[in-house]
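Q: Just so you know, the protein sequences line up as chains A and B, in that order.
In this text, residue positions in the first sequence follow my numbering: the first is 1, and each later residue adds one.
In this text, residue positions in the second sequence follow my numbering: the first is 1001, and each later residue adds one.
Among the clues, some could well be false.
A few chain B positions that, by computed beta-carbon distances, are all more than 10 Å from chain A [said to hold, decoys possible]:
{"hint": "1", "residue": "P1192"}
{"hint": "2", "residue": "A1207"}
{"hint": "3", "residue": "A1482"}
If the Cβ cut is set under 8 Å, some of the chain A residues that face chain B in the computed set are [as the list claims (entries may be wrong)]:
{"hint": "4", "residue": "L20"}
{"hint": "5", "residue": "V28"}
{"hint": "6", "residue": "L30"}
{"hint": "7", "residue": "G82"}
{"hint": "8", "residue": "T98"}
Where chain A lies over chain B, by a calculated footprint (3+ residues, C-beta under 8 Å) [said to hold, decoys possible]:
{"hint": "9", "segment": "1141-1154"}
{"hint": "10", "segment": "1158-1166"}
{"hint": "11", "segment": "1304-1317"}
For the record, the hints were derived by calculation from the structure and aren't laboratory data.
Every residue, glycine too, gets a C-beta built ideally from N, C-alpha and C.
Chain by chain, the residues run as shown.
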Amino acid sequence: MALVISMAVGLLAACGIYLLLRPRIFSVILGLTLLSYAVNALIFLGGRLGATAAPLALPGARGLSDPLPQALVLTAIVIGFGMTAYLVALALRARAETGTDHVDGADGPEGER
Amino acid sequence: MIHAVILPILLPLVAAVAMLLRPAAGRPLAVLSVVAQVGLAAVLLGLAGDDAVRVYRLGDWPAPYGIVLVLDRLAAMMLAVTAVLGLAALLYAIGGNDREGRHFHPLFQMQLAGLNGAFLTGDVFNLFVFFEILLLASYGLLLHGGGAARARAGIGYVVLNLVGSALFLISLGLVYGTLGTLNLADIALVLPGVPVADQALVRTAAALMVAVFLLKAALLPLSFWLPHVYAAAGVPVAALFAVMTKVGVYALLRVEAIGFAGAPATSGLLQPWLPVLALLTIVAGTIGALAARRLAGVVANLVLVSTGTLLAAVAAGGATATAAALFYLPHTTLVTGGMFLLAGHLARGRGAMGDAIDNGPRVPGALLLGGAFLVLGVAATGVPPLSGFLAKVMVLQALGGTPLGPWLWAGILASGLVMALVLARAASAFFWEAGDAAPPGAPVPRRMVFALLLLAASGPVLALAAAPVAAYARAAAEQLHARQPYIEAVLGARPDVQRETRP
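The following block holds chain A by itself, in its conformation from the complex:
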């Protein structure tokens, strides 16, 4: 299972990086979102995956699942969500101020899309 998740992490990160390098702010925001999904899955992998590990430390339970990566991922998700919301608001404001959605605040000479 770790292999499947690892491949998903790689694919998400690759797509995220491709979109990050696009000139329009909307693709950049999507790219950041994909990248943060990849990161969250990777942190989960750090705690090891297992379908049989007990979530609670009840008497006699063996092979407890590690709660720390879950807490870390939760923190990362909250922070990432806030950041993305802020970036969307900022993108709208920059669009209003500069009249373009290009990340440099100005279209290139050819106005490429």
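Following the hints, put chain B in place on chain A, whose structure we already have.
A: Leaving out everything else, chain B in the frame of chain A:
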């Protein structure tokens, strides 16, 4: 356990929440909070002076399971620098800049909370959290006052730092996956015994973390964001940002010295490329300062030069070089902050000309501003007799024996000369060849002048108090590189950490 250790984080947090509830009380609360932080930093500086490492366990959970804050000499020094810079930036801001947009004061306090937290935290995940707090606040502060230039600079800055945060998280995921801990002292214990199969992963994680810190510190290939972001920010915000690059340098120093030093998996991580890139950063900053057309642009490039100088000393390693870096750090932070405030004063006095380096109207109060320019310029370029000279001598002495020593000597000295030329040219445009007197605008509030003088005084004060400050920096560097006091204070003298076996 002394509760004063957590106050530098709680105080600005509480102040920020109170300001959101009572926006009308923003200014008095902000001044109260920052003055209290200066006092608190002085108390903590005194506490840390006895060479004990004080650990604050949140909820009294034992490390490494709980969260710890650690106060040692280095952390106390960083808190003090931040508090003084914060006070000056705030005094300047309440001269009018804070009313240009909404929520300036809560954001300012959150930024201070994030900075203080990053200096105090004892584990790398909370370092990430406090980085995010200070970055989120800085996004808001950068945009404060509005305008197309800030919106344009803001997008690049936010996207770049979000990518940096993602890289930081990847690094943390790898560290936890391989070492099973995120507590810095515990990392130091576990790291030497990492199985061979995991060593490549650990090294990758460490390299990613170093890259993130260098992005914050703005080392050359990762520094292109800095000049236009700092030049676009509002005056008090830019002054406060002078300490932001130092957070990256601090984090690198802390994690490298406590966590990574002496383990085979992370040995030689910074060599030999860091001194080379530090030298190139100095060169790039100097060229950028030559090309800048506004004083704020010159100062932003001055920040780059100071990052390069600091990292050259950090890369040299060892207590002597670190002591030199720690003497240089408060000096350069306060002086560049003061230069940003000076640029703001000039822009205010010259009306439409702003702080463009060109012949314009005579500034009201030219004698005072010219005097401040002289003091700050002498300190920043490292001309005797002010603090910049002493700091540069210490850094140069520490770099003398390193492989790249002669090159770094040449780079730092030539950069000082070029900076002196750039600032002299700017000063002659501002003060010497100024035209008729500018139409008198609104009088400058006295607290804004006081803010400038406070930071301008740092050059002479640090030069006069050079002996105690250098002794403190020396002791802080030795305490940091000794490692053992830190690890023992966090985990106890004979750490017996229960670890689960991992598949």
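Q: Hint by hint, note whether the structure agrees.
A: Verification of the supplied hints:
Every beta carbon of chain A lies more than 10 Å from that of P1192 (chain B), the smallest distance being close to 20 Å; the non-interface claim holds. Distance to chain A confirms A1207 (chain B) as a non-interface residue, since its nearest Cβ pair spans about 16 Å, more than 10 Å. For A1482 (chain B), the shortest C-beta to C-beta distance to chain A comes to about 30 Å, beyond the 10 Å cut-off, and the non-interface label holds. Annotation: interface hint on L20 (chain A) holds; nearest CB of chain B at approximately 7 Å, less than 8 Å.
The interface hint given for V28 (chain A) holds, since its Cβ lies 6 Å from the closest Cβ of chain B, which is under the 8 Å cut-off. Against a cut-off of 8 Å between C-beta atoms, the interface hint on L30 (chain A) is violated, since the closest Cβ of chain B lies about 12 Å away. Checking G82 (chain A) against chain B: minimum C-beta separation of about 7 Å stays under 8 Å; hint holds. Taking 8 Å as the C-beta cut-off, the interface hint given for T98 (chain A) holds, the closest approach to chain B being about 5 Å.
Coverage of the segment 1141-1154 of chain B by chain A holds. Counting CB-CB distances below 8 Å, 7 residues qualify, and the rule asks for three or more. Restraint check on the segment 1158-1166 of chain B versus chain A: 6 residues with Cβ-Cβ distances below 8 Å, three needed, restraint holds. For the segment 1304-1317 of chain B, the stated coverage by chain A is not satisfied: 0 residues place a CB nearer than 8 Å to a CB of that chain, which falls below the threshold of 3.
Against the hints set out earlier in the document, violations occur for numbers 6, 11.
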